[in-house]
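Q: Below, each chain spelled out in residue letters.
4 protein chains.
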Amino acid sequence: MDFRYDERTQELQRQLLAFMDEKIYPAEPFAAATDEWSRPAVMEELKAEARRRGLWNLFLPDPEHGAGLTNLQYAPLAEITGRSPHLAPEALNCAAPDTGNMELLAQFGSPEQQKRWLTPLLEGEIRSAFCMTEPEVASSDAANIATRIERDGDSYVVNGRKWWSSGAMDPACEILIVMGRTDPDAPKHLQQSMILVPRDTPGVEIRRGMHVFGYTDGAHGGHAEIVFDDVRVPAENLIAGEGEGFAIAQARLGPGRIHHCMRLIGMAERGLELMCRRAVSRTAFGKPLAEQGVVQEWIAESRVRIEQLRLLVLKTAWLMDTVGNKGAHTEIQAIKIATPSTVEWILDKAIQAHGGGGISQDFPLAQLWAAARTLRFADGPDEVHRRSLARRELRPYLSEQAN
Amino acid sequence: MDFRYDERTQELQRQLLAFMDEKIYPAEPFAAATDEWSRPAVMEELKAEARRRGLWNLFLPDPEHGAGLTNLQYAPLAEITGRSPHLAPEALNCAAPDTGNMELLAQFGSPEQQKRWLTPLLEGEIRSAFCMTEPEVASSDAANIATRIERDGDSYVVNGRKWWSSGAMDPACEILIVMGRTDPDAPKHLQQSMILVPRDTPGVEIRRGMHVFGYTDGAHGGHAEIVFDDVRVPAENLIAGEGEGFAIAQARLGPGRIHHCMRLIGMAERGLELMCRRAVSRTAFGKPLAEQGVVQEWIAESRVRIEQLRLLVLKTAWLMDTVGNKGAHTEIQAIKIATPSTVEWILDKAIQAHGGGGISQDFPLAQLWAAARTLRFADGPDEVHRRSLARRELRPYLSEQAN
Amino acid sequence: MDFRYDERTQELQRQLLAFMDEKIYPAEPFAAATDEWSRPAVMEELKAEARRRGLWNLFLPDPEHGAGLTNLQYAPLAEITGRSPHLAPEALNCAAPDTGNMELLAQFGSPEQQKRWLTPLLEGEIRSAFCMTEPEVASSDAANIATRIERDGDSYVVNGRKWWSSGAMDPACEILIVMGRTDPDAPKHLQQSMILVPRDTPGVEIRRGMHVFGYTDGAHGGHAEIVFDDVRVPAENLIAGEGEGFAIAQARLGPGRIHHCMRLIGMAERGLELMCRRAVSRTAFGKPLAEQGVVQEWIAESRVRIEQLRLLVLKTAWLMDTVGNKGAHTEIQAIKIATPSTVEWILDKAIQAHGGGGISQDFPLAQLWAAARTLRFADGPDEVHRRSLARRELRPYLSEQAN
Amino acid sequence: MDFRYDERTQELQRQLLAFMDEKIYPAEPFAAATDEWSRPAVMEELKAEARRRGLWNLFLPDPEHGAGLTNLQYAPLAEITGRSPHLAPEALNCAAPDTGNMELLAQFGSPEQQKRWLTPLLEGEIRSAFCMTEPEVASSDAANIATRIERDGDSYVVNGRKWWSSGAMDPACEILIVMGRTDPDAPKHLQQSMILVPRDTPGVEIRRGMHVFGYTDGAHGGHAEIVFDDVRVPAENLIAGEGEGFAIAQARLGPGRIHHCMRLIGMAERGLELMCRRAVSRTAFGKPLAEQGVVQEWIAESRVRIEQLRLLVLKTAWLMDTVGNKGAHTEIQAIKIATPSTVEWILDKAIQAHGGGGISQDFPLAQLWAAARTLRFADGPDEVHRRSLARRELRPYLSEQAN
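These protein sequence lines map, in sequence, to chains A, B, C and D. One point on numbering: in the UniProt record's numbering, the residue at position 365 of the first sequence is 365, and numbering is uninterrupted. One point on numbering: in the UniProt record's numbering, the residue at position 297 of the second sequence is 297, and numbering is uninterrupted. One point on numbering: in the UniProt record's numbering, the residue at position 42 of the third sequence is 42, and numbering is uninterrupted. One point on numbering: in the UniProt record's numbering, the residue at position 345 of the fourth sequence is 345, and numbering is uninterrupted.
Calculated directly from the structure, the hints in this document are not laboratory data. Among the hints, a few may not be true.
Stated by the list, open to error - Some chain C residues near chain D, calculated using beta-carbon distances under 7 Å:
(1) 25
(2) 26
(3) 29
(4) 107
(5) 136
(6) 138
(7) 164
(8) 281
(9) 286
(10) 359
(11) 360
(12) 363
(13) 370
Stated by the list, open to error - Chain C is nowhere near these chain B residues, computed Cβ spacing over 10 Å in every case:
(14) 13
(15) 65
(16) 205
(17) 393
What the hints assert, rightly or not - One-sided and incomplete, this derived list gives chain D residues near chain C with beta-carbon spacing under 7 Å:
(18) 138
(19) 142
(20) 164
(21) 211
(22) 212
(23) 218
(24) 281
(25) 286
(26) 288
(27) 361
(28) 363
(29) 377
(30) 383
Glycine residues also receive a C-beta, built at the ideal position from the N, C-alpha and C atoms.
Go ahead and model the full structure; you've got the sequences and the hints to work with.
A: Below is the structure:
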């Protein structure tokens with residue numbers, strides 16, 4: 001057992017921290033000033049600079065297309081980008097949902113699909129959206145997805161309604177990956193498929209952006225409600241084969257959760273840093289907040305909880321690298337359960353230490369909080385994951401009893 | 001001891017519930033569609049209708065100007081308006097900060113001040129703002145207020161910077177009540193005064209609206225940052241006398257907190273109602289949420305906590321009526337400590353039961369949550385009130401020990 | 001609505017507080033010194049004195065046998081006895097389980113049963129136990145009770161195993177009220193009956209006292225595991241009629257919960273008082289605990305929570321008096337859910353403020369804590385009550401949906 | 001970074017788990033039956049067997065006297081012993097406070113001291129106590145210790161009062177290590193010394209055992225209150241030199257906390273195991289607890305929290321091994337803050353799942369809970385550690401601000 005980051009990771013951490021200090025943090029106020037659905041003006045400069053520094057596509061384990069890092073190597077880098085989650089991930093071409101979509105195309109896409117969509121995504125020229133969640137069903141169980149994808153000659157025709165399609169409000173978003181049912185009569189886990197739908201295909205109606213506690217989440221390309229009304233795409237747009245949608249979705253979720261959780265830890269570190277700065281600079285009742293017991297408890301608890309979360313996420317990354325996503329299933333659920341709610345707690349305390357300013361646009365805290373709160377739902381609410389993890393924990397006892 | 005509402009209260013509850021059902025709830029979607037800083041188009045109709053029904057100025061205990069209700073009679077009515085806090089309070093001319101400002105003018109204003117400002121406020125023709133909090137100081141201690149109000153001939157000249165001046169973004173807002181220091185050399189509690197500043201006075205610069213999470217809180221007239229730069233008003237605009245600002249602020253806070261807390265309880269009831277509706281209509285893992293233990297715990301805990309909160313607020317109202325605001329000091333603090341955080345918890349659970357929809361514009365929950373969260377700061381953060389209440393609790397033990 | 005205690009209650013409060021100060025608190029150290037299963041030596045003196053002062057059988061609403069107080073009048077008196085729960089309730093002849101047993105006999109007992117058992121209980125000459133919970137079944141659902149009571153000629157024969165039969169370890173305990181099945185084929189709620197079993201009847205085996213976090217709870221007569229092996233009693237020992245056990249149990253539970261909850265509030269007040277005394281007398285890191293923010297938060301939260309609990313319990317008592325136990329069903333559940341866990345929290349903080357002493361025999365806190373913790377189970381665990389209360393809350397929404 | 005236990009650790013884990021299954025768990029009921037202050041009869045057999053299997057003195061990193069394991073290697077073994085904390089640690093000669101005392105003697109004892117006391121302790125022939133905490137002062141700050149150790153000719157004379165001297169009630173306890181002030185005028189951290197006091201020295205009065213909730217904690221040798229009244233011991237009994245008491249205490253605490261925390265994790269695993277067994281075997285409301293959402297949440301949360309705690313403790317052990325106890329200071333505090341309260345929470349839920357049985361002597365849960373609760377005080381209450389950790393976290397911000 002060894003808790004040291006390896007050399008390459010440490011080197012990349014140094015480079016990335018320098019990039020944050022020199023480029024990202026200074027760009028933050030500019031970023032805030034841009035309008036709703038376009039990426040901040042400074043973004044193209046940041047991307048060019050990140051690329052120049054070799055901080056590009058770090059998320060992709062496939063060395064042909066990406067940096068070839070393991071999950072364990074990438075995790076601490078994703079954490080650092082989480083300190084400025086509205087700028088840094090995209091600047092490094094490591095922003096959701098593009099990362100998951102690129103992994104998916106690298107792993108399951110045909111050469112033609114890769115050439116047409118993966119290449120411009122890897123170049124940071126376009127963005128993409130992942131259309132899975134539906135308003136009418138509990139989408140945490142993928143088997144419930146009701147959108148239809150029907151074969152008709154050389155085409156597939158898509159009909160359905162999606163929401164929380166993150167990224168789809170971004171004008172640069174050109175491609176949607178849509179999950180839907182190709183065969184409602186197949187066994188439950190073979191009914192679903194995934195298909196590539198260019199955003200400008202006739203019949204694709206981007207209805208509106210969903211709000212997140214008043215935010216449009218423009219820097220993330222928003223969260224669209226989309227209606228697919230007889231949307232026809234060539235048959236070769238299907239990813240892998242019919243009935244493979246569920247399996248692809250499962251493959252996509254593991255790394256996605258690791259990335260989310262590591263960025264959340266970066267958000268928590270940012271919140272704790274801001275809380276400490278506030279504590280040493282603000283006085284109430286004749287002494288700095290830093291000397292008040294209640295604020296000290298918040299700071300100590302935040303530190304203790306962050307350390308625990310980070311170790312659990314890193315161990316999960318290590319398990320994914322050594323025994324595979326399936327072997328790490330329980331741990332992946334565990335980090336999904338523990339991280340958003342804990343980080344939400346930390347950010348709440350950081351907000352409280354800032355008084356009214358904390359909930360306003362003058363600090364990033366309220367927006368970070370909303371992001372953490374949202375992740376208590378993303379990929380299924382906490383309750384679903386706890387239920388599932390408990391059933392796994394109980395399994396040996398049930399077997400024992402059955403004998 | 002008797003826990004029954006009196007006859008008049010019960011009659012008003014019936015009338016107000018009918019008004020909610022017939023007019024307010026149906027207007028909610030329209031209200032959401034209007035633009036940021038103007039009141040919803042339907043508002044004037046709602047106000048006219050409320051007035052016609054005798055549901056007007058219920059908050060004002062002074063029978064000459066208002067309904068002449070006691071705090072105990074008004075509290076359950078304020079609760080009902082809290083079920084639709086962006087429409088109902090204003091429709092009844094019972095919205096903050098106007099209520100506090102009207103009370104203040106009714107109690108401390110000169111006949112001329114009352115004629116010029118109280119009358120149109122009571123008529124619902126204009127709105128007002130209360131300018132107390134400042135960005136540079138911990139304003140929970142009113143003695144810290146740094147804005148200057150200086151006598152110069154027949155005028156006072158105001159210089160300073162305020163924020164969280166609720167209501168001031170509303171185009172209908174015509175008058176600001178500003179707290180500031182007239183005599184920095186006086187004893188601490190005699191330094192402050194309050195003065196009436198028409199919003200269009202030269203030197204008044206409304207800088208921007210503060211955001212609350214991502215909301216502008218337009219329906220409440222927003223929360224302005226305002227700079228006062230050599231703002232000159234006639235000397236007769238001073239309220240009561242020089243040095244009375246602190247005493248007036250104290251008098252204003254007690255009823256304000258009761259109103260806030262009762263509306264919060266209405267918000268919690270609304271949240272619980274939505275949670276129950278969702279629970280009976282949404283199925284996950286093969287059975288309705290209503291039959292799932294975790295959701296049942298949320299519902300039960302919400303009910304149990306609401307009942308406790310309501311009783312504490314009602315007792316506080318009763319104390320204010322029977323022994324005065326000063327005698328009810330501890331209880332006023334207690335409800336300020338208990339209510340926002342508890343209601344925040346209930347709304348969080350209601351959101352969680354709604355999945356992604358819960359944090360979006362499709363339900364009122366996220367916005368209600370943000371309002372509850374904000375009230376953990378308003379009139380001083382929870383921590384300040386807990387500290388103060390504890391010191392009072394400890395006082396007899398300290399005396400005992402001193403002897 | 002009126003939050004004042006009535007005159008008689010206030011007068012009894014004054015008398016009881018004087019009795020606590022003059023007799024009960026001074027007796028506490030002596031009480032601790034006595035051996036395990038016998039009542040403290042001083043108890044007979046305390047009982048005589050309480051009786052002399054008219055503080056006797058206050059719990060019994062029936063004016064023929066008891067003080068004739070309403071639930072609302074008795075509740076604040078029960079609270080006061082909770083401040084010294086190992087001495088005061090018994091000193092006033094108001095200790096569980098005797099109170100419930102006396103109510104039961106007063107309401108359902110035959111004249112002969114009353115003469116034989118109720119009279120000596122009312123005189124404080126003997127004690128009693130209530131034998132309901134069984135180790136093998138989830139006894140929170142009374143319908144699960146498996147003990148058999150079978151008619152055989154002029155006798156009933158009892159067979160079964162009970163535990164947590166509170167009071168049965170006390171040498172003064174002479175009578176057991178046993179719940180068991182007389183007719184397993186009857187409809188579910190008509191299967192059970194209650195019967196009087198003298199503790200010295202052949203076949204009654206008191207196996208052992210159950211421990212409560214290391215305590216034997218000797219002052220309460222312990223909690224016995226009892227085996228009934230062909231225990232034969234005369235047929236006239238049956239209470240009311242065959243099949244009425246469930247109804248009697250329901251009638252017994254409401255007042256029992258009110259009493260428990262009010263005593264718990266007294267325990268919380270005692271804990272808060274001790275926490276405050278400690279806070280003003282103990283110094284750490286150069287200043288008294290009373291000036292440390294974390295301890296101030298504990299004190300403030302304790303006070304705020306106690307006030308809410310008390311009001312909810314009082315309102316429940318008022319409802320029982322005005323609309324009956326059945327009409328107060330939801331509120332009775334609500335206080336059972338809220339009170340033990342909240343008081344446990346307060347006592348935990350009081351313990352923490354005392355350092356190591358807090359968990360030891362040097363303060364009553366650890367024992368009070370164990371009592372509060374135990375009440376999270378008594379009459380069914382919190383989870384059962386929350387489930388039931390939620391189902392009631394959901395009922396109107398389910399009906400609405402069904403239409 | 002690597003999360004695998006090394007080979008030697010894995011081999012010892014296998015051996016120790018076998019020993020638990022074959023010897024320890026079967027001995028548990030016998031152990032419970034023995035009387036208060038003597039070690040269970042079976043203990044000598046268990047010790048002989050552990051020794052035979054090479055599972056002896058595993059805690060001692062010094063290869064001359066012990067197993068020569070690193071902290072990181074020993075930690076997972078300590079965890080396993082925590083599953084039966086009243087038997088296993090002593091069976092392996094790895095029980096507190098002997099472990100800390102042996103380390104202390106191995107590191108700071110003179111050859112004579114080692115021969116006289118360390119050898120029989122390593123052989124498991126005698127037991128020892130550590131006498132630091134005092135009733136009159138906040139002993140979490142060691143500088144407060146008031147007991148006097150005064151030189152008088154060839155002797156030292158000890159006067160003072162200690163409590164919570166763990167182990168001292170055990171008849172096998174022969175030696176006390178006492179901390180006290182040799183020079184009240186020295187700088188704060190040089191006033192204290194440690195000295196060896198045979199338990200049968202005249203003037204040593206073992207007053208009583210402190211209770212922990214209702215437990216005497218007999219299996220751990222209890223927690224004594226001891227008065228030292230002119231207790232005279234030879235000068236050579238002083239450990240190291242005058243004024244070194246504080247430094248020795250610091251050296252002793254780090255490993256002590258690691259051991260406590262690892263055993264606590266074992267206790268949590270035991271609690272979770274019992275909760276799962278109960279969940280699959282107990283039915284309420286028509287289905288097993290294992291299928292009820294609330295119980296599933298407890299199980300999932302327990303697993304998620306245990307995983308995080310264990311990783312934090314293991315990382316702390318690794319830091320102690322690689323950068324020393326001083327370099328691991330923050331992490332040692334972090335585990336002390338996080339572990340007892342989290343394990344207490346898990347055990348509380350396990351108890352709740354067991355109904356009344358959970359708080360009784362029929363399951364180990366209540367006793368495990370009491371042990372976890374106690375550790376929220378041992379070596380200073382949580383609040384002290386949080387305060388200290390926060391100050392460390394704030395230090396860089398304070399420096400930054402100072403510049």
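Q: Against each hint, give a clear statement of whether it holds in the structure.
A: Each hint tested on the structure:
no.: 1; hint: 25; in the structure: 21 Å, violated
no.: 2; hint: 26; in the structure: 22 Å, violated
no.: 3; hint: 29; in the structure: 14 Å, violated
no.: 4; hint: 107; in the structure: 27 Å, violated
no.: 5; hint: 136; in the structure: 10 Å, violated
no.: 6; hint: 138; in the structure: 4 Å, holds
no.: 7; hint: 164; in the structure: 5 Å, holds
no.: 8; hint: 281; in the structure: 12 Å, violated
no.: 9; hint: 286; in the structure: 10 Å, violated
no.: 10; hint: 359; in the structure: 5 Å, holds
no.: 11; hint: 360; in the structure: 5 Å, holds
no.: 12; hint: 363; in the structure: 11 Å, violated
no.: 13; hint: 370; in the structure: 6 Å, holds
no.: 14; hint: 13; in the structure: 13 Å, holds
no.: 15; hint: 65; in the structure: 25 Å, holds
no.: 16; hint: 205; in the structure: 38 Å, holds
no.: 17; hint: 393; in the structure: 5 Å, violated
no.: 18; hint: 138; in the structure: 4 Å, holds
no.: 19; hint: 142; in the structure: 13 Å, violated
no.: 20; hint: 164; in the structure: 5 Å, holds
no.: 21; hint: 211; in the structure: 4 Å, holds
no.: 22; hint: 212; in the structure: 5 Å, holds
no.: 23; hint: 218; in the structure: 11 Å, violated
no.: 24; hint: 281; in the structure: 12 Å, violated
no.: 25; hint: 286; in the structure: 10 Å, violated
no.: 26; hint: 288; in the structure: 11 Å, violated
no.: 27; hint: 361; in the structure: 4 Å, holds
no.: 28; hint: 363; in the structure: 11 Å, violated
no.: 29; hint: 377; in the structure: 5 Å, holds
no.: 30; hint: 383; in the structure: 5 Å, holds
Hint compliance for this structure: hints 1, 2, 3, 4, 5, 8, 9, 12, 17, 19, 23, 24, 25, 26, 28 are not met, and every other hint is.
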